[in-house]
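Please take these sequences and the hints and turn them into a complete structure.
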Amino acid sequence: MSNEVCFRLNDKDQSWSLKTYVANGGYEVWKKILRDKTAADDIISQIKASALRGRGGAGFPTGLKWSFMPRTAPGQKYIVCNSDEGEPGTCKDRDIMRFNPHQLVEGMAIAGYTLGATVGYNYIRGEFWEPYERMEAAIEDARKAGLLGKNVLGSGVDFDMHNHLGGGAYICGEETALLESIEGKKGQPRFKPPFPASYGLFGRPTTINNTETLASIPEILRHGGKWFLELGKPNNGGTKLFSVSGHVNKPGNYEVAMGMPFAELLQMAGGVRTGHKLKAVIPGGSSTPVLPANIIMDCTMDYDSLAKAGSMLGAGSVIIMDDSTCMVRALARLSHFYYEESCGQCTPCREGTGWLARVVHRVEHGQGRPEDLQLLEDVAKKIEGRTICGLGDAAAMPVASFVKHFRDEFQYHIEHKKCLVGGAH
Amino acid sequence: MLVTIEIDGKKVQARSGAMVIEAADELGIRIPRFCYHKKLSIAANCRMCLVEVEKAAKPLPACATPVTEGMRIFTKSRKALDAQKAVMEFLLINHPLDCPICDQGGECELQDVAMGYGRDVSRFAEKKRVVKDKNLGPLISTDMTRCIHCTRCVRFGEEIAGLRELGATGRGEHMEIGTYIEKAVQHELSGNVIDLCPVGALTNKPFRFSARAWEMRQFPTIAAHDCVGSNLNAHIGKNKVLRMVPRDNELVNETWISDRDRFGFEGVNSDDRLRVPMIKQNGQWKETDWTSALDFVATGLGKIASTSGVSEIGALCSPSSTVEEMYLLQRFIRGLGSGHVDHRLRQTDFSDQDAAPLYPSLGQSIEHLETVDAALVIGADIRRQQPLLAHRLRMAALDGANVMFLGSVGSTYQFPVAANVVVDPRCLTNELAGVAKALLKQASVNPPAGFAESAKAVQVSADHEAIAKALKGARNATVLLGTDAIHHPDLSTLRSLASLIAQLTDAKLGYMTEGANAAGAWLAGMVPHRGPSGSKGAPAGSPISEMLRQALKAYVLLGVEPDKDCGDVRAAMKAMRDANFVVALTAYQSPSLEQVAHVMLPVAPFTETSGTFVNAEGRWQSFAGAVAPQGDARPAWKVLRVLGNVMHIDGFEFMSSEEVRDELRTRVGNAHPDNKTRWHPPRPFVSVPQGFTRVTLVAPHSVDAIVRRSDALQQTTDAPTFAALVSDETARELSVREGQMVAMAQGGNEITMPVRLDARVPRGCVLVYAGQPGAEHLDPSATLTVRGI
Ligand SMILES: Cc1cc2nc3c(=O)[nH]c(=O)nc-3n(C[C@H](O)[C@H](O)[C@H](O)COP(=O)(O)O)c2cc1C
Ligand code: SF4
Ligand code: FES
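Listed in order, the protein sequences are those of chains A and B. Counting from 1 along the first sequence, just add 169 to a position and that's the residue number in our numbering. Counting from 1 along the second sequence, just add 18 to a position and that's the residue number in our numbering.
Among the hints, erroneous ones may be present.
Stated by the list, open to error - Derived lysine-lysine pairs resembling BS3-like cross-links, with alpha carbons at most 27 Å apart:
1. A:Lys355 with B:Lys56
2. B:Lys97 with A:Lys550
3. B:Lys76 with A:Lys550
4. B:Lys73 with A:Lys477
5. A:Lys448 with A:Lys477
6. B:Lys146 with A:Lys586
7. A:Lys361 with B:Lys56
8. B:Lys57 with A:Lys361
9. A:Lys361 with B:Lys73
10. B:Lys150 with A:Lys354
11. B:Lys103 with A:Lys361
12. B:Lys57 with A:Lys355
13. A:Lys355 with B:Lys150
Unchecked claim - One side only, chain B facing chain A, incomplete, derived with CB under 10 Å:
14. Cys53
15. Ala61
16. Ala62
17. Lys76
18. Ala82
19. Phe108
20. Leu110
21. Arg141
22. Phe142
23. Ala143
24. Lys145
25. Cys168
26. Thr169
27. Gly185
28. Glu191
29. Met193
Claimed, not checked - Anything over 12 Å on all C-beta distances counts as not near chain B; from chain A, calculated:
30. Thr189
31. Thr207
32. Gly232
33. Asp329
34. Gly428
35. Ala476
36. His574
Rather than coming from a laboratory, the hints here were simulated on the basis of the structure. We put the beta carbon where it would ideally sit given N, CA and C, even for glycine.
This is the structure we're talking about:
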């Protein structure tokens, strides 16, 4: 089973047009809700039943998140879609916006209705020009069709939404930095509590969800929560978009059922580069711990299985590395990324990411010292769990896992001042 | 509501909603911190305050974690200490550790905490970050490599000053604190970031490298430059005041001080301090000893008294003299038999002085200003004249109060201003009458006698209506007369109208006076028409204006530079020049005193004497001398006491300044001023004055002899300029451009100055700062002709 939810229109002509979307049942859920004035609680209970978990990386149950929102509190409230998609390895949200933008619009409208928000913002990664244009067109067409705006279809319900193009900072994918950025400020995460549900955009109650999360909503409500749940497996409902990249023959986005064995997904992506063997996989995006081939080959692709294996499903960004990969070099690249992207606000991340990057760089370049591996582990541990936002953890986790699983390679670099794999050097 | 929590095994009650760090501070349990500051918003960015909380998976920042019922907190458990030590290590990897050459050394929060939590040996083998320093102007020096990015300075700008002068640019390790575009910080409270900065990144520029914290001793004192009376600590090294820092007093200055109070004291160390008594003989100044000098004074005054009569002797003093000095000075002059004493050096209208309150008071506590919901500030450049009162009003405005200004200098404010009416000073009474008229109409009350006639031609504008409405609608309003109003040529009318408006709106009427001790001066009897504590002043004397016009034969000056401190400089200098005998008790060898005086007695400035200032709210604040007087200088109260003895006047047996103070204090008892004044018919109002008007303004760093000698303050943008300041509009009407010369003529005198454009100046007016050469010929109450040349 694949392409059931977010990518269900991908093989259709002009899949992004309003015409195609409507021809395939698009906006029916939204219209029905407006007609029936479906109770918000009923919608939320369907979402809960679907076991939809946040696709932005943390996997937080969406139904539960929605229930935190003070829906009936007076005053302005917001729904915000996180399309910043900055995590190295991820490109799924881009394709939702390119190929199925109306499903996101419908998902946001429904979310707005359910959460008592009359305004939505879709925060799009700065480099995503084409998706931005598709989203702009979709919103415009939906407005023209009377599906957005004041008193939508005479229902008395107001909902409108806006796209907001980011400036190209990874940190603006963190939900509170994203809010700051929409407000026109420097993108720096806020300290929580207060959480966005009580103090969000412009200080108003706000719910933030990932693009894939929101784009799944219309289909869940059309077919029922149970249907979605059964696409996947218990506690891991639905299908999931996986961005498979790296040393495979057919890199790309794949929408498959949650719980698919990793081996099958690898097969879909054309298998490991011909002539090479699988060495390691980062299963959920650059911030999730790396797993060596033997472990990942026994995993199924869902939250629970990967967690048990010591990693995370994250945003479903599967980075495949074959036996030509120098793991020290791969880590050096990742660590440099986090060093560059730290916002600099809090001490452990600002100082620690630079320290990690420098030590890994040193090891890679044959200037490592015997005590460096322990130092790396120690510094990573001192960042983890002590920062304002998750970027600190994101920087620390790869380091710990790379050193844990590929210690010999690091040691070789230090002792022999050159690479064990050799391919890269 | 209270909740019960446990910190390190101690059970306490804490306010629900309070942060763990606050509860710990109350218990005296010190949690290390850098970014947290009780007066700033919570940033939780340094992570130094991480503590263990039972049932929490991760250590939590104590500064940002609210207490909840039953919470158990461990600030020194293994987990907490691990987290704290880790943060310390991170903070130090890029910190220069140049403590031996850092000005903050010995009083550095990072250094202190590092002692307790740091490692001995650094594991960071990489090159440390180096950050380019910023030029923030003459007051603050930077060493940005030392910055630990706590953002206290940034939050101060946003939240307290209201002016975002410093910000963080760049990301990650490249984050830097700076002004973005290089410029000097200008806000009148900016110096507070020096205290806020936990490390040596922002330090006191004039003080730089002069001493180590542990080499200095600390003495509490009181700020001497405005009527707030900020509490200070003077830091002393080698019998010299090296710097001033705030001393916390929630009721007065909280934890802040103005830049003037921080840097102004520098003037006490100025090179032109008078160090020995000097007398003028045959036109030559000669050094002498105290005995000879005092004999010279006694003989001189005695001669005038016997030949011309005691009423030929008058005394003037600075409004920043201490209570003790003023009490003894007026007793001395009155003891001689004259009633000519005054401290109101810049005031010009004395016509209603009998109706004035016991002393000009704020009419409320300083703290109370924060809680008003409407304020009308009349004739004040409050940000520069009383910066911390402006700060309190800012807090009120942020809370939604309607803060309104009516005056002749249109300053900008870092808070929402409900009205800012800027008019020709000669129209100020007319504007206030407009507000009164609007109120009388709204309330349909009969106007007091004479109002209707005088105000017949007064047009009620939309501004007047709005101000009236805001005051009337407020439950807690205040009407404040500022320093410029007190110096206004028609103070009596302003006072009368302000009082009427306050009555009609149930508002508190208050004064914001010049100098540190105007309130004390009135209480001490340093006014000609009243003795100490408002008693019938016997014998009665003339106010300064009369004293100067009458050209007395002898003047005694205390802390006065007649060419800089008097409102009417021309009259003051002429009277002094013509006098037979001028005695100056002065800290400085001022050129103008050298010109006009016959004897100069070196007296101690506030840092070198004990004394008392009474602030605008009526708070008596006594202080001791922080250092011994320089050279042969002596506290003025002692000099006056000896003079009293030498001249055999009764009542000069005091052994200490405290005795002087206590005697007055007993006389004052619980007397409180009632600011409400009796209505008296106003003079006619002017709506469209003829020709141009000079606006006069005392620059914030020219208010007294001490600050005028602070080099650092004189280098700031607030230093007065030799220029004719006009608005764009006026410049266009005059067809002059910036830099061009204009000639200003009045009463047969013509003064030329270069034009400077300044948006604060009302149309048809030229602002010339007080004390500029030639400015004494430009009377603000009369018409001026102006032309470009
Ligand atoms: C450093 C950092 C970067 C993040 N970047 C993204 C992102 O690009 N897209 C995203 O959806 N969530 C991102 N997140 C997660 C969001 O903070 C947030 O949890 C998510 O948008 C919630 O949506 P969900 O519940 O639908 O997953 C990031 C988190 C961190 C800490
Ligand atoms: S300059 Fe000082 S106060 Fe400002 S962020 Fe740096 S360390 Fe903090
Ligand atoms: S003091 Fe709590 S994080 Fe800085």
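- Task: Evaluate the condition: distance from the CB of Thr207 of chain A to the nearest CB of chain B exceeds 12 Å.
- Result: holds (37 Å)
- Classify the label on Gly428 of chain A as holds or violated, using whether its beta-carbon is more than 12 Å from each beta-carbon of chain B. For Gly428 of chain A, whose nearest Cβ neighbour in chain B is about 28 Å away, the distance exceeds 12 Å, so it holds.
- Message: Please verify whether Lys448 of chain A and Lys477 of chain A have alpha carbons no more than 27 Å apart.
- Response: holds (20 Å)
- Task: For the hint on Glu191 of chain B, just tell me whether its beta-carbon gets within less than 10 Å of chain A.
- Result: Holds, about 5 Å.
- Task: Would you settle whether the hint for Cys168 of chain B is holds or violated, based on the nearest Cβ-Cβ distance to chain A being less than 10 Å?
- Result: Holds, about 9 Å.
- Keeping to a limit of 27 Å between CA atoms, is the pair of Lys146 of chain B and Lys586 of chain A held or broken? With a Cα-Cα distance of about 24 Å, the restraint between Lys146 of chain B and Lys586 of chain A holds, given a limit of 27 Å.
- Query: Should the hint that Met193 of chain B touches chain A count as held when the rule is a Cβ pair under 10 Å?
  - Reply: Where the cut-off is 10 Å and the nearest Cβ of chain A is about 3 Å from Met193 of chain B, the hint holds.
- Item | Leu110 of chain B as chain A interface residue, shortest Cβ-Cβ below 10 Å | Interface hint status for Leu110 of chain B: holds (9 Å vs cutoff 10 Å).
- Sort out whether Lys150 of chain B lies within 27 Å of Lys355 of chain A, counting only the CA atoms. Answer holds: Lys355 of chain A to Lys150 of chain B is near 22 Å, not above 27 Å.
- Query: Taking the closest Cβ pair, is Phe108 of chain B under 10 Å from chain A?
  - Reply: holds (4 Å)
- Item | Given hint Lys145 of chain B near chain A, where the shortest CB pair must fall under 10 Å | At about 9 Å, which falls below the 10 Å cut-off, the nearest Cβ of chain A leaves the hint on Lys145 of chain B intact, so it holds.
- Ala61 of chain B as chain A interface residue, shortest Cβ-Cβ below 10 Å: holds (7 Å)
In the structure shown, no violation is registered for any of the earlier numbered hints.
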